[in-house]
Every structure is written in C-alpha cells, then in structure tokens.
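Undergrad: Protein chains in written order, with the numbering used here: chain A, 1 to 92; chain B, 1 to 204.
Calculated from the structure, these hints are not laboratory results.
Among these hints, one or two may not hold up.
Chain B stretches covered by chain A per the calculated footprint, using a threshold of three residues with CB under 8 Å from any CB of chain A [said to hold, decoys possible]:
id, stretch
1, 21-35
2, 109-122
3, 132-145
4, 165-179
Restraint-style ranges between C-beta atoms, simulated for each label pair [claimed, not checked]:
id, chain 1, residue 1, chain 2, residue 2, range
5, B, Q181, A, R49, 49 to 59 Å
6, B, G103, A, Q10, 55 to 65 Å
7, A, T66, B, K81, 25 to 35 Å
In silico DMTMM-like pairs for lysine to aspartate or glutamate, Cα to Cα no more than 20 Å straight-line [stated by the list, open to error]:
id, chain 1, residue 1, chain 2, residue 2
8, A, K61, A, E11
9, B, K15, A, E11
10, B, K6, A, D16
Backbone N, C-alpha and C fix where the C-beta goes; we use that ideal spot for every residue, glycine too.
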Amino acid sequence: MMNMQFANEQEKLLHDVGVLSFVVTELSLYLDTHPNDRNALEYFRHYNRMANQARQEYSAKYAPLTISCVDVSDCNNWQWALSPMPWEGGCN
Amino acid sequence: MWNYEKRLEFPVNIKESNADIAQVIISQYGGPDGEMGASMRYLSQRYAAPYREVAGILTDIGTEELAHLEMVATIVHQLTKDLSMEQIEASGFRNYYVDHTIGIWPQAAGGVPFNACEFQSKGDIITDLMEDMAAEQKARTTYDNILRLVHDPDVCEPIKFLRMREVVHFQRFGEALRIVQDRLNEKNFYAFNPGFDCCEGNVK
C-alpha cells in the first residue's frame, strides 16, 4: 500500500477499500472452513471494521459504493445511478 | 439475496484496444470453464449441501465468482469499446461483432454459447465438491493459457489476480471435502448420500 503512486486522493482511497475488502473476502472464505479459528476471528474483526470505515469514507467523499452508503440528505439527485460504473475504468 | 457494490474486486484500466485478445478472454465470461459457469455451479449446488460450513463456502465462492464475471466483462469491454471499423474487419472479432456489436454476451472463444451443461449440480456433496475442485483447476489452466497469449500488463495484472483466486478456491473446496469426509463412514465415504439418504422419509 505504501509504495504505490496514485493520481489523486480518490484513487488512493478506492485502492484502500479494495485492499481491505480483499482481506475480508479472503478471511471469510478461510473462516467458512475453519469456523473455530480464534486468530482468524480476531483478524476478521479488525479488518472488517477498517474496510467498513474506508467504504463509508469513500462514499461520503466521492460516490456511494453500496445502497446502504447512499446519503441523500445533502444532495438533490440520485448519485447511486449518476456516479460512474466500475467498468468505465479509473476514478472518473 | 444479494447487494451490489459499485466497484471491481480488482482494478481494470486498459488503455489499448485489442480485438483478438478480447475474443480469447470472452471465454472466461461464458466458456466451458468460465466465471458464469463457476458462479451458477456453486450457487446451484449449495441447496443440497448437508453441512452449514459447506453451504457457506459454496455461497461465498459463488458470490466471488460474480465479481470475477464482472471483471472479465470489464476487460472485454475496455479492449473493444474504442475499436475502429478497420480494426474489427482485420481481426477475428468480426464474427462476434456481427451478432453482438461490442455488447457483452456469454460465449466461448470459439463462439459456442454458454450452456448449463458446462456444470453439474448432482445433489451429492462428494460428487459436487470433486467437480468444484476440478473446475477451479480448469479455470486456472485457462488463465495460464490466456497469460501466454497476452502481453499488455494492463490486461495481465487482473488476469493474474483471477488466476490466483482459482488456486485459493481449490484449497477451500479441498477443505470442504475433508469436512464432509470427516463426518462420513471412514471405511466407505460412499455408503450413502448425506444430502439425500439422511432426509426424513429416507431414513430406514
């Protein structure tokens, strides 16, 4: 995470969301077949909280990543649909 | 149910069009060892999984495969979205183009459409998990073959990520198979089907 070059803060934050979410995905699969591994449960607790925080921060600053991150209180349009789709590439 | 997260599991930012490579990579969308078959296989098989951990891993890997399906579609889309008519005419992509323009449609590299016969849901967890482990290896081989054909690092990086996930999924399905076998008659794993013969009505 530290040596990478990013064009802007948005790109860096989306990268952080991706890295942290990947750790959560990987731990989830591991825990499915090792449901009593206490170390893995502790890792999961730690990284799931970090991933959720990063997702909330990105959504608040740039564009909502999930429906539960959509906040319409400060805007008068539907950013969930208007923000770029993931296949458009980059952070535009 | 499912929720959508509006980002890719791994970033895809391809700068150069390449019709021939798109024609090859579409196979991991709708081909015999592609992500559509993978996702449908695991999400269909899970109802007959007699143990919660196994139903859980089938659900979570089946879900991750949907994210991979989106990555593969994104690669094909970015490789084709700026193609000129001359580039399409000069490439093997012209046969795909005539039916789908530059839309995304599930087919194998050779043009064979996606078909549910590319996977099984047998209702027997040992049979199904054996297929799942083979499926992960077949997809890994396909990604290895793609990596021999592709030289653009913008395409190679997400393909390498997808290849790596096949290896991890193979490991997890192997553990799931072990969980199942540990709960069966160790002298005869096939003495009965735990997803059918233990059901009320079939217990003798």
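Undergrad: So, for every hint listed, does it hold in this structure?
TA: Hints, one by one, checked against the model:
1. Three residues within the 8 Å Cβ limit are the bar, and the stretch 21-35 of chain B against chain A gives 0, so the coverage statement is violated.
2. With a cut-off of 8 Å between beta carbons, the stretch 109-122 of chain B has 0 residues touching chain A; three or more are needed, and the interface restraint is violated.
3. Against chain A, the stretch 132-145 of chain B contributes 0 residues with a C-beta closer than 8 Å to a partner C-beta. That does not satisfy the three-residue criterion, and the hint is violated.
4. Only residues whose beta carbon comes within less than 8 Å of a beta carbon in chain A count, and the stretch 165-179 of chain B has 6; three or more means the coverage holds.
5. Between Q181 (chain B) and R49 (chain A) the beta carbon distance is about 36 Å. The supplied range of 49 to 59 Å is therefore violated.
6. Checking the proposed 55 to 65 Å range against G103 (chain B) and Q10 (chain A) shows it is violated: the Cβ atoms sit about 29 Å from each other.
7. A hinted range of 25 to 35 Å holds for the C-beta pair T66 (chain A) and K81 (chain B), which are about 26 Å apart.
8. Proximity of K61 (chain A) to E11 (chain A) is assessed by CA-CA distance (about 12 Å); at most 20 Å being required, the pair is judged to hold.
9. With a C-alpha separation of about 17 Å, the suggested pairing of K15 (chain B) with E11 (chain A) holds against the 20 Å cut-off.
10. Distance hint between K6 (chain B) and D16 (chain A) is fulfilled; the C-alpha atoms sit about 15 Å from each other, no more than 20 Å.
This entry does not satisfy hints 1, 2, 3, 5, 6, going by the numbered hints stated previously.
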